[in-house]
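Q: Okay, here's what each chain looks like letter by letter:
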Amino acid sequence: MTNEALIPVVGVITDIRRDTPDVKTFRVVTPDGKKAFEHMPGQCAMLSIPGVGEAMFSITSSPTNTEFMEFSIKKCGCVTSWLHSCEVGQMVTIRGPYGNGFPVTKDFKGKNLLFIAGGIGLAPLRSVINYVRANRADYGTVDIVYGSRSMDDLVDFKEIQEEWKNEKDFNVYLTIDRPQEGWDGHVGFVPAYVKEVNIPTDRTAVLCGPPIMIKFTLQALLELGFEKTQVFTTLEFRMKCGIGKCGRCNVGDKYICKDGPVFRMDQLEELPSEY
Amino acid sequence: MKKIALSNIDLLYKEIAGAQELYLPVKVAGATNFKKFEDGVEVDIKSLQTVKSAKDLFFPQSEDMMEFKTSGKSIEVIDARKKAEPFVLFGVRGCDLKSFEVLDKVFLAEPVDTMYQAKREAVTVVTLACNNPETSCFCKVFGVDASNPKGDVQATIVSDEMHFEALTEKGEKLLSSLKCLEDCEGKGVEEEKAQIKEKIDALPFVNLDLTNFKGENLMELFNRPEWEELSKACLGCGTCTFVCPTCQCFDIRDFQTNAGVKRFRCWDSCMYSEFTKMAAENPRKNQMQRYRQRFMHKLCYFPSNNDGEYGCVGCGRCVKKCPQSLNIVKVIKKLGGNK
Numbered sequence: 001m002t003n004e005a006l007i008p009v010v011g012v013i014t015d016i017r018r019d020t021p022d023v024k025t026f027r028v029v030t031p032d033g034k035k036a037f038e039h040m041p042g043q044c045a046m047l048s049i050p051g052v053g054e055a056m057f058s059i060t061s062s063p064t065n066t067e068f069m070e071f072s073i074k075k076c077g078c079v080t081s082w083l084h085s086c087e088v089g090q091m092v093t094i095r096g097p098y099g100n101g102f103p104v105t106k107d108f109k110g111k112n113l114l115f116i117a118g119g120i121g122l123a124p125l126r127s128v129i130n131y132v133r134a135n136r137a138d139y140g141t142v143d144i145v146y147g148s149r150s151m152d153d154l155v156d157f158k159e160i161q162e163e164w165k166n167e168k169d170f171n172v173y174l175t176i177d178r179p180q181e182g183w184d185g186h187v188g189f190v191p192a193y194v195k196e197v198n199i200p201t202d203r204t205a206v207l208c209g210p211p212i213m214i215k216f217t218l219q220a221l222l223e224l225g226f227e228k229t230q231v232f233t234t235l236e237f238r239m240k241c242g243i244g245k246c247g248r249c250n251v252g253d254k255y256i257c258k259d260g261p262v263f264r265m266d267q268l269e270e271l272p273s274e275y
Numbered sequence: 276m277k278k279i280a281l282s283n284i285d286l287l288y289k290e291i292a293g294a295q296e297l298y299l300p301v302k303v304a305g306a307t308n309f310k311k312f313e314d315g316v317e318v319d320i321k322s323l324q325t326v327k328s329a330k331d332l333f334f335p336q337s338e339d340m341m342e343f344k345t346s347g348k349s350i351e352v353i354d355a356r357k358k359a360e361p362f363v364l365f366g367v368r369g370c371d372l373k374s375f376e377v378l379d380k381v382f383l384a385e386p387v388d389t390m391y392q393a394k395r396e397a398v399t400v401v402t403l404a405c406n407n408p409e410t411s412c413f414c415k416v417f418g419v420d421a422s423n424p425k426g427d428v429q430a431t432i433v434s435d436e437m438h439f440e441a442l443t444e445k446g447e448k449l450l451s452s453l454k455c456l457e458d459c460e461g462k463g464v465e466e467e468k469a470q471i472k473e474k475i476d477a478l479p480f481v482n483l484d485l486t487n488f489k490g491e492n493l494m495e496l497f498n499r500p501e502w503e504e505l506s507k508a509c510l511g512c513g514t515c516t517f518v519c520p521t522c523q524c525f526d527i528r529d530f531q532t533n534a535g536v537k538r539f540r541c542w543d544s545c546m547y548s549e550f551t552k553m554a555a556e557n558p559r560k561n562q563m564q565r566y567r568q569r570f571m572h573k574l575c576y577f578p579s580n581n582d583g584e585y586g587c588v589g590c591g592r593c594v595k596k597c598p599q600s601l602n603i604v605k606v607i608k609k610l611g612g613n614k
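One line per chain: the protein sequences are A and B, in this order.
By this note's numbering, the letter at position 37 of the first sequence is numbered 37, and the numbering carries on one by one without gaps.
So this note's numbering is basically just the index in the second sequence, starting at one, shifted up by 275.
Don't read these hints as lab results, they were simulated from the structure.
Be careful, since some hints might not be right.
[Said to hold, decoys possible] With a Cα cut of at most 27 Å, we get these calculated DSSO-like pairs of lysine-lysine:
1) B:K311 x B:K472
2) B:K380 x A:K258
3) B:K311 x A:K35
4) B:K472 x B:K277
So that you can see chain B by itself, here it is in the shape it has in the complex (with noise of 0.2 Å):
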C-alpha cells in the first residue's frame, strides 16, 4: 500500500496531472462535480457526491458523432469521433463506480458503442470509501460497499492521510509512477472501513426490500394502482434523470453549422413527453405512465434483462434533487416495502 498526508495531497494531483489528464470533485460556484484538474481549482474531495455523477466522463451530456457536408443533393459522412486520450478519474465513489458497470451492459452489449468504449477502456478509475455517507444513501441495498468501492486504485482517508491499494494491473502501474507516494502497511484502513460499515448499517434506508423486483412480477407491479398516487406531484422536470448516474437515454440530433451538418448525441429523458413523441401518437401520454416508465426500467425491465442486477446504485442524488421530493426510495417502499 502508499499513502500520502492530506496537507501534501496537492503534490499527488499535480504529479498525476503531469502525465495525463486527471479529472476529480471540483467546486466551481458552490457545486462539486468532476472536472479536469488545472492550477488554481479547488479540488472538494471530501465531498461526499458531486452533484453530477460521474457518468458524463464516459457519456457526455452531449458529444459529436458525426459531421456532413451536404452540396445540392450530395451528402459526405464524416466520422466525427475523439479518439479518448488515458486519463484519470479520482475520488470516485463505490456507488458511481457501481453504475459504470450498469453503464456497460447497455453500452458494451453488441453492437459495441464505440464512443463509450473508448473512454471506459482510457480510464484508471481511483475509487474512495465514504467516511461519512449520508442519510439519503442507500447503496447498500443494491450490493455496494461504500467502505470497500473497488476500482483500478482504491483511496481511504484515514485520520490525516490518505492511503491507496491497487486492485488492478492499471492502477499498479498509476501507483508505482507517483514518486510522490510513500509505501506504507495501511495502518488504521481496516478500523476505517469497520467504522463506514457500523455507519451504514445505521442509515434509514439500508433496509429496502427489492425482493418483489424481478421480471415475473413484471405486470404486477406495472398495474400497481400506487402509481397513480407515487406520481402526482411529479413536474416532468427530469432532473433526476439528469443527476442520475445510470440513466442512460440520449437523443440524435443535428445541428447546423456554417460549414454543414453536426450529429450528436445528448442525455434525454424518458420523464419529458416528446421522449415517445410520434407524428401520429404519442404511446406513454400522461406523466403517471413516464413516471412509471422510470422507475419500472430500474427496478424491474433492467434486471429482467440482466441477472437481477438493478439499474439502481442507490446514490441517493434523485432524493436530494427532486423539486417534488419524489424519488426511487419512495417507490421502493410503496411496491416492495422495507424488510
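Bound-form chain A, shown alone (with noise of 0.2 Å):
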C-alpha cells in the first residue's frame, strides 16, 4: 500500500531545555540522527507518544538548521505534560510539515520586518528570526518587541540576549508585565511598549501571542499607522489530521492546518471569529 500521511515516523529527544517554569524545548531528530523533514518557517508537526496522544506543535527552529528540529512546548495539557515528565533518549513519533508557514520568500523578502511576541508567542517567530538571520541579506531591519509575564518567562532569553541582540540592523525590545528583582529593562504589556518604542510604519509585522495581546497589538498598530495588509499572525486550533480532512479546524471555508495556521490580519476579516 501506498504511504498513509496519518502515519508517524519515530523520533528521539535528543536534549531537552528549560526555559521557563513551564517551557521546555525539545530537540527531535530520526533514530538514525537526520531531521524527520524540511519544513518552511511557521510550519508545524504532529507529536505523539503512543497512549498518550498527539497533538499539533509550531517548529521552533529554523529550517537553516540542518542538524535537528526544536519545539519549545508549553506544559498546559495531557501530551505537554507527559512531554515535560520524559527524559532525553525518550522516543515520539512526528509527522509532518504542516500549514502554509510564513511567506518567508515572498511578502517578508526585502522588507524591514517587525516581529511581536508574548510569551510562547516567541515559538513560532523564533524560526523565522533565525531564517531571516541566516539569510540576513534579504531582508532589512528588524525590530523585535517582546514581552512576558516576568523576567523567568521569557522564553530563549540567552539567544535573545548573546546573539539576537548582537545581530547587524536587529533591535531587541524586551518587557515583562511587572516590575522584578534584577529586571533593569521596561515594564508594562506588549500593545502599550509597541505604541512606546514608535516604530516605522514601513515594516511588515509579524503577531504572536495569546489572543488578548493580538487584539491591543493590532489595535495599537493600526493607531501608529499600520494597514491590516502589513500585519501577519498566526493561528493556534485543536487539530487531528493535519492535512484538512478531520474537519477539526474549519473556520470559514478555510482549514487552519492546512490553509493556515499563518494568515494576514485583512483575510482574517473574511472569516467568522471563531478562532
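Since each chain comes alone in its own frame, lean on the hints to assemble the complex.
A: What follows is the structure in C-alpha cells.
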C-alpha cells in the first residue's frame, strides 16, 4: 500500500532545555540522527506519544538548521505534560510538515520586519527570526518586541541576549508585565510598549501571542498607522489530521491546518471570528 | 439489460456472494442497515432507506490505522491498515451514491486518504431506483435523480422483476459474470422511471431554494440572527452527524491493549463541545455556534471550496432522526426560502 499521511515516523528527543518554569524546548531527530523532514518557518508538526495522544506544535527551529528540529512547548494539557516529564532518549512519533508557514520568500523578502510576541508566542517566530538571520542579505531592519509575565517567562532568553541583540540592524525590545528584582529593562504590556517604541510604519509586522494580546497589539499598530495588509499572525486550533480532512480546524471556508496557520489580518476579517 | 424475478432474487445474492463479499440492506432487530450477505440474513431490499448511510463501507465508524510497540523509551510503528478486497455494494439509493462523490472530494484530495481510497477502488456499486420516495426526501434539490441513480450498475424494480443496466466497465464485468440473470429489453423501466419522477416532483421539500448559499454570502449567512432560534432546541446529541451520509469529521485516538497501543480513527461530531476544546480554551463555546458550524459547513463552506457542490444530498435522515425535530430543511427554509 502507498504511504499514508497519517502514519508517523519515529523521532528521538536528544536534548531538553528548560526555558521557563513551564516551557521546555525539545530537540528531535530520527533514530539515525537526521531531521525527520524539511520545513518552512511557521509550519507545524504532529508529535505524539503512543497511548497519551497526538498534538500539533509549531516548529521552533529554523529550516536553516540542518541537524535537528526544536519545539518549544508550554506545559498546559495532556500531551505537553507528558513531554515535560520525559527524559532525553525518549522516542516520540512525528509527522509533517503542516500548514502554509510565513511568506519568507514572498511578502517578507526585502522588507523591514517587525516581530511582536507575547509569552510562548515567541516559539513560532523564533523559526522566522533565525531564518532571517541565516539569510540576512534578503531582509532589512528587524525589530523585535517581546514581552512576558516575568523575566523568568521569557523564552529563549539566552539566545536573545547573546545572539539576537548582537545581530546587525536588529533592535530587540523586551518587556515584562510587572517590576521584578534583577530586571532593569522595560516594564509594561506589549501593546503599550509597541506604541511607546514608535516603530516606523514601513515594517511588515508579525504578531503571535495570546488572543487578548493580539487584539490590543493590532489596535496599537493601526493607531500607529499600519495597515491590516502589513500584519501577519499565526493561529492555534485543535487538530487531528493536519491535512484538512478531519474537519476539526475548519473556520469559515478555511482549514487552519492547511490554509493557515499563518494569515494576514485582512484575510482574517473575511472569516468568522471563531478562532 | 438483464433481469431477475424478485421471487428468485436470493439466487442473485448467493451468486454474487459466492465470488466476492456482498453488502446490502439487511434487517436486524427491526433496523435496516448495510450488512454483509450471509445465509439466513433477512435482506430488506425494498426498504427505501437504511438507518445509517453506506459511508460505513468506505469510512467505517471505527478503523485501526497503526499499532505501536513500546518498550522503555523506544517506539516501533506498525502499519495496521487492512487490505481492501473487492466487494459489491448492492441497493444503494441515488442520495447515498451522491454522498460518495462528496466524501471523495475530502478523502481523495491530496494528500489522498489511502484507507478510504483502497475501499473506494475495491467496490462495485449497484444502485436501486426509488420506487416510493418518502415525504422526508429532498434529493432533487441537490441535483440527484432518484429514478436514475447511476453507479456501476443501475437497478430498477418493475412490478415483480428487477432490471439491471451496466454503466461502467466494472458494472459490465459484474453483470456478465452472473448466470442467474436473463437478458431482457428493459420493458417497463422507462415508464417506471417516469412515474418515480412524477412522485418526486410532488414531494413537499422539492422547492427549497439554495441560491442564497454560496461563498460570497459567507459572513452574511454566518451573522444571521436566526441561528439562535434555529438551534435553541438542539441537545448536541450528534445523531444527525452519525446518520448523515456526508458527515466526515473524525477523531484519532489511542487504545491501550495488552500487546501495545492501537491508534484508530472514528467518527466524531462537530456538534460536541469537546470537538474544538483545547487545553487553554474552546473557540466554539455554545451549542448555537456548533449547530451553525455544521450547517454552514454543508451549505456554504463546502460549496465555497468545491465548485458549488453542497455537502448535503437530501437523504432526509436528519429529518427523520433528530429527537428535537431540527434538521437541514428548516435551516434552508429559514435562510434560503422556497423557490
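Q: Determine for every hint whether it applies to the structure shown.
A: Hints, verified against the model:
{"no.": "1", "hint": "B:K311 x B:K472", "verdict": "violated, 31 Å"}
{"no.": "2", "hint": "B:K380 x A:K258", "verdict": "holds, 15 Å"}
{"no.": "3", "hint": "B:K311 x A:K35", "verdict": "violated, 46 Å"}
{"no.": "4", "hint": "B:K472 x B:K277", "verdict": "holds, 23 Å"}
In this structure, the earlier hints numbered 1, 3 are contradicted, and the remaining ones agree with it.
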